[in-house]
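Number of protein chains: 2
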Amino acid sequence: MSKPYVIGIDMGGTNTAFGIVDARGTVIASSSIKTAKHSDINDYIDELFVEANRLMVANDAVDKIHGIGVGAPNANYFTGIIEEGVNLPWPTPIPLADLLSAKFGIPVAITNDANAAAIGEMTYGAARGLKDFIMITLGTGVGSGIVINGQMVYGHDGFAGELGHVIVKRNNGRICGCGRTGCLEAYCSATGVARTAREFLEIRSDDSLLRNLEVDTITSKDVYDAAVQGDKLAKEIFEYTGKILGEALADFVAFSSPEAFILFGGLTKSGDLIMKPVKNALDKNILPIYRGKVKLLLSELKESDAAVLGASALGWEVKNI
Amino acid sequence: MSKPYVIGIDMGGTNTAFGIVDARGTVIASSSIKTAKHSDINDYIDELFVEANRLMVANDAVDKIHGIGVGAPNANYFTGIIEEGVNLPWPTPIPLADLLSAKFGIPVAITNDANAAAIGEMTYGAARGLKDFIMITLGTGVGSGIVINGQMVYGHDGFAGELGHVIVKRNNGRICGCGRTGCLEAYCSATGVARTAREFLEIRSDDSLLRNLEVDTITSKDVYDAAVQGDKLAKEIFEYTGKILGEALADFVAFSSPEAFILFGGLTKSGDLIMKPVKNALDKNILPIYRGKVKLLLSELKESDAAVLGASALGWEVKNI
Chain A
2 MSKPYVIGID MGGTNTAFGI VDARGTVIAS SSIKTAKHSD INDYIDELFV EANRLMVAND
62 AVDKIHGIGV GAPNANYFTG IIEEGVNLPW PTPIPLADLL SAKFGIPVAI TNDANAAAIG
122 EMTYGAARGL KDFIMITLGT GVGSGIVING QMVYGHDGFA GELGHVIVKR NNGRICGCGR
182 TGCLEAYCSA TGVARTAREF LEIRSDDSLL RNLEVDTITS KDVYDAAVQG DKLAKEIFEY
242 TGKILGEALA DFVAFSSPEA FILFGGLTKS GDLIMKPVKN ALDKNILPIY RGKVKLLLSE
302 LKESDAAVLG ASALGWEVKN I
Chain B
2 MSKPYVIGID MGGTNTAFGI VDARGTVIAS SSIKTAKHSD INDYIDELFV EANRLMVAND
62 AVDKIHGIGV GAPNANYFTG IIEEGVNLPW PTPIPLADLL SAKFGIPVAI TNDANAAAIG
122 EMTYGAARGL KDFIMITLGT GVGSGIVING QMVYGHDGFA GELGHVIVKR NNGRICGCGR
182 TGCLEAYCSA TGVARTAREF LEIRSDDSLL RNLEVDTITS KDVYDAAVQG DKLAKEIFEY
242 TGKILGEALA DFVAFSSPEA FILFGGLTKS GDLIMKPVKN ALDKNILPIY RGKVKLLLSE
302 LKESDAAVLG ASALGWEVKN I
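Chains A and B, in that order, are what the protein sequence lines are. Using our numbering, the letters of the first sequence correspond one by one to residues 2 to 322. Using our numbering, the letters of the second sequence correspond one by one to residues 2 to 322.
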């Protein structure tokens, strides 16, 4: 008999959230542990198992888990390994899939957060029924997950879909966390919006509610709050951000001609403030052959559940032997 | 018994080349007709059939054709239709696949030239054994064909892979044939090289062999000839062109993480003059996670045969009922 549940694990540098999910995308039960608490990866795996097992027992889900899906930074779907360059308390590479499947006795698949989000939208959310779409996550950074012909694009090495690191300012661009300059992420993430605010406030001299704040502490939320109150400079920050994102999306269309973009993350809560300039720039910059064909959609997953749901969706794809 | 041959048809605005090809990529016989001669598409189809049939009879290939593949401008793989915006003597849309299969009694698949080139390289050329690669054709324009996980990327509408129209100069870019400005094609095609030559000659004052030519008649071949003779300005034109292309390729890697780029077309004949700056810019601009993983290859198909071979490769993919 096929097993009715999957476990989704969203592994971040600080916290690890996890939950038991059914085929409709209902989170039956969820919990979290502190990632950073354990200096030994094995202690972390042990605590994760104890806590997840407690959930399984309490919800009559023992022996009913089809697979475990994990969203984690730099997680390679092909190898099951977390590669270097991540903010985790353990040395890399980390053979995460093997560690977890050995402990749980359940098959495990891993990928990065944005890919997990894309699979989540395809399984339970806004991308149900879509075979060609691009997920863009606008959080602290800018992530992406690309689906072509119904399949997640992993690339030859498992690391495809780093659209946050496409160069949008070729000259004199902002320094990015990746070590290069001018990346999309340096402009269109929450951090990017805050940086734009600082730049605008320094370069310009017009009034703004944002001038009442300590400039180094300004967040994208502050910019949103000011914009909602009608602050002109704050609104122009969103226009600037949305224009850059829309121009980038127009280029992405020339690659895989997706039916839709699905946007997710904190910045999308700014609604029309950001979405209108994104749509305008996309429409204005798109190659004529694609005009009017590409939808701009918002994630349909509840933000508090989305990461666990996305990871869990990958759990349906593992091979159960 | 499976049929041993395919027919490849390369349909251009002026000429249509076609040939009978075997499974190893040998062109058994080939010929061509004038596309522009016929004001009625049916007359064109008739002549194409008569000529192709003559080849089939002469080479004992009647009833031995598995399928017909066509490379044609704006040809949609999904619908079999040539869409608007092409330089052909007939009104669009043109139901080319239906017209040909009705006439020949053989299944027909069509796609654009660059996609056909990619399938050709995968079947007979430099991409044999590669599952993830991007074909870039550098001719009068810049075309592309993207293969992910062994499958041609057509996108939701059949028109994916227009990487020649990714924007490489966001501000003050050159006008492109597509009606927008700053496209890769406006810089890295043969025409783009000639435009760069004109720009350099106008803006700069240093000596160059190119100054002996009528400026409006300069071609990329002239630039090549001058560069081979050691002309500094001509060499810098290739460096400028290669840098822009390499920067664009680095962005493409962030999309699908290909194992290789396959370059094809007139410009690649300039060898190291263009390939060195492409490689330098690719290496310098690539996201660290992909560094050292992506090959830069040249097409292995003979240029005179490549278009027909590429189209023919699509002929193996048609469903024979």
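Incorrect hints may appear among the rest.
[Unchecked claim] Restricting the straight-line Cα-Cα distance to at most 25 Å, the calculated cross-link-like pairs of lysine-lysine (PhoX-like) are:
(1) 104/A <-> 320/A
(2) 303/B <-> 222/B
(3) 303/B <-> 233/B
(4) 132/A <-> 277/B
(5) 132/B <-> 320/A
(6) 233/B <-> 170/A
(7) 277/B <-> 170/A
(8) 132/B <-> 244/A
(9) 170/B <-> 285/A
(10) 170/A <-> 65/B
(11) 222/A <-> 270/A
Quick caveat, the hints were computed from the structure, so don't treat them as lab data.
Evaluation of the provided hints:
Distance hint between residue 104/A and residue 320/A is fulfilled; the C-alpha atoms sit about 17 Å from each other, no more than 25 Å. For a cut-off of 25 Å, the pair hint linking residue 303/B to residue 222/B stands: about 19 Å separates their Cα positions. A C-alpha spacing of about 31 Å is found between residue 303/B and residue 233/B, which places the hinted pair above 25 Å, so the restraint is violated. Restraint check for residue 132/A and residue 277/B: the C-alpha separation of about 38 Å exceeds 25 Å, so the hint is violated.
Between residue 132/B and residue 320/A, the direct Cα distance comes to roughly 22 Å. Compliance with the 25 Å bound is thereby established for this hinted pair. The straight-line distance between the Cα atoms of residue 233/B and residue 170/A is roughly 29 Å, outside the 25 Å bound, and the hint therefore fails. Proximity of residue 277/B to residue 170/A is assessed by CA-CA distance (about 24 Å); at most 25 Å being required, the pair is judged to hold. Taking the CA atoms of residue 132/B and residue 244/A, the gap is about 35 Å. The hint is violated against a cut of 25 Å.
Simply put, residue 170/B and residue 285/A have alpha-carbon atoms about 15 Å apart, close enough for the 25 Å limit, and the pair holds. Under the criterion of a C-alpha separation no larger than 25 Å, the hint pairing residue 170/A with residue 65/B is inconsistent with the structure, at around 54 Å. Taken as a hint, the residue 222/A and residue 270/A pair is honoured in the structure, with Cα atoms around 10 Å apart against an allowance of 25 Å.
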